[in-house]
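Peer 1: Taken in sequence, the protein lines are chains A and B. Quick note: the first sequence uses the working numbering, first residue 1, plus one each step. Quick note: the second sequence uses the working numbering, first residue 1, plus one each step.
Derived by calculation from the structure, the hints in this document are not laboratory data. We treat Cβ as the ideally placed atom computed from N, Cα and C, and that holds for glycine. Just so you know, not all the hints are guaranteed correct.
As the list claims (entries may be wrong) - Taking lysine-lysine and the BS3-like style, the derived pairs with C-alpha atoms no more than 30 Å apart in a straight line are:
hint, chain 1, residue 1, chain 2, residue 2
1, B, Lys22, B, Lys52
2, A, Lys52, A, Lys69
3, A, Lys105, A, Lys3
4, A, Lys52, B, Lys52
5, A, Lys52, A, Lys97
6, A, Lys97, B, Lys57
7, B, Lys22, A, Lys52
8, B, Lys13, A, Lys97
9, A, Lys105, B, Lys15
10, A, Lys69, A, Lys97
11, B, Lys13, A, Lys52
12, A, Lys3, A, Lys52
13, A, Lys3, B, Lys57
14, B, Lys57, A, Lys69
15, B, Lys57, B, Lys13
16, A, Lys97, B, Lys15
17, B, Lys15, B, Lys57
Claimed, not checked - Stretches of chain B that chain A covers, calculated by requiring three or more beta carbons in the stretch to come under 8 Å of a beta carbon on chain A:
hint, stretch
18, 38 to 49
19, 88 to 95
Here is what each chain is made of, one letter per residue.
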Amino acid sequence: DAKTTQPPSMDCAEGRAANLPCNHSTISGNEYVYWYRQIHSQGPQYIIHGLKNNETNEMASLIITEDRKSSTLILPHATLRDTAVYYCIVLLYNFNKFYFGSGTKLNVKP
Amino acid sequence: AAGVIQSPRHLIKEKRETATLKCYPIPRHDTVYWYQQGPGQDPQFLISFYEKMQSDKGSIPDRFSAQQFSDYHSELNMSSLELGDSALYFCASSPSGLAVYNEQFFGPGTRLTVL
Numbered sequence: 001d002a003k004t005t006q007p008p009s010m011d012c013a014e015g016r017a018a019n020l021p022c023n024h025s026t027i028s029g030n031e032y033v034y035w036y037r038q039i040h041s042q043g044p045q046y047i048i049h050g051l052k053n054n055e056t057n058e059m060a061s062l063i064i065t066e067d068r069k070s071s072t073l074i075l076p077h078a079t080l081r082d083t084a085v086y087y088c089i090v091l092l093y094n095f096n097k098f099y100f101g102s103g104t105k106l107n108v109k110p
Numbered sequence: 001a002a003g004v005i006q007s008p009r010h011l012i013k014e015k016r017e018t019a020t021l022k023c024y025p026i027p028r029h030d031t032v033y034w035y036q037q038g039p040g041q042d043p044q045f046l047i048s049f050y051e052k053m054q055s056d057k058g059s060i061p062d063r064f065s066a067q068q069f070s071d072y073h074s075e076l077n078m079s080s081l082e083l084g085d086s087a088l089y090f091c092a093s094s095p096s097g098l099a100v101y102n103e104q105f106f107g108p109g110t111r112l113t114v115l
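Just chain A, with the same shape it has in the complex:
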């Protein structure tokens, strides 16, 4: 599976957009990009995934660059409850195991 690189931590003001970057320069053509988050020792929670196109759901937007070597997760209006570790994961669609990297600790501040 492709290796991902994320900044260890980021701060965001409450109500502002949080933009979390992820580099996956060795991604192959049939590997998906997934984003999960973990709030303080709870089970990781699915946020969004994508292959090539930008994706949006009720939680977030995922922007994937044209060369697919990086992506950005956007939380449009961050709240204090969005404080968590965010993991970017890349893997083939029918692989069973997630490899969690170090993730980004997002601190949303009042």
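Using the hints provided, position chain B relative to the given structure of chain A.
Peer 2: Only chain B this time, still in chain A's reference frame:
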């Protein structure tokens, strides 16, 4: 909506004892995954099952074994417990191991403490 159920939520054992963790997937989910998360660490994949057969294996110690039963629940058996086994153990389930995409739904975890 029903979620993944794990039991027990907390477990305290002595060194060299055994422990059994249970996972009940979301109804109609046939694939189960186990992850271990040590203190201050990221979740590490241990093992997965699809339709009661082991489908993939990660960094699971030989002292650990797991299986998936006919009702799709899974059990992780841990023997000769060591202090380093103290961790959060997460179970996740997904609708199919052969799904086009692989969203995994995680349970709340079992916190195992080995004294």
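Peer 1: Within a Cα-Cα threshold of 30 Å, do A:Lys52 and A:Lys97 meet the stated pairing?
Peer 2: holds (21 Å)
Peer 1: Assess, step by step, whether the Cα of B:Lys57 is no farther than 30 Å from the Cα of B:Lys13, and give holds or violated.
Peer 2: Judged against 30 Å, a Cα distance of about 25 Å means the pair holds.
Peer 1: Could you grab the alpha-carbon distance between A:Lys3 and B:Lys57 and see if it respects the 30 Å cut-off?
Peer 2: The hint holds at about 19 Å.
Peer 1: Within 30 Å, alpha carbon to alpha carbon, are B:Lys15 and B:Lys57?
Peer 2: holds (25 Å)
Peer 1: With a cut-off of 30 Å on the C-alpha distance, tell me whether A:Lys3 and A:Lys52 pass.
Peer 2: Holds. A:Lys3 to A:Lys52 sits at ~17 Å (cutoff 30 Å).
Peer 1: With a cut-off of 30 Å on the C-alpha distance, tell me whether A:Lys52 and B:Lys52 pass.
Peer 2: violated (33 Å)
Peer 1: If you draw a straight line from the CA of A:Lys97 to the CA of B:Lys15, is it 30 Å or shorter?
Peer 2: holds (29 Å)
Peer 1: Quick check: the stretch 88 to 95 of chain B, covered by chain A? Criterion 3+ residues, Cβ under 8 Å.
Peer 2: holds (count 3)
Peer 1: Are B:Lys22 and A:Lys52 close enough, with their CA atoms no more than 30 Å apart?
Peer 2: violated (37 Å)
Peer 1: Please work out if A:Lys105 and B:Lys15 have their alpha carbons no farther apart than 30 Å.
Peer 2: violated (33 Å)
Peer 1: Would you check chain A against the stretch 38 to 49 of chain B, counting CB to CB pairs closer than 8 Å, and say if three or more residues qualify?
Peer 2: Holds: 5 residues of the stretch 38 to 49 of chain B have a Cβ under 8 Å from chain A.
Peer 1: Is A:Lys69 close enough to A:Lys97, meaning Cα to Cα at most 30 Å?
Peer 2: holds (21 Å)
Of the hints listed earlier, those the structure fails to meet are numbers 4, 7, 9 and 11, in rising order.
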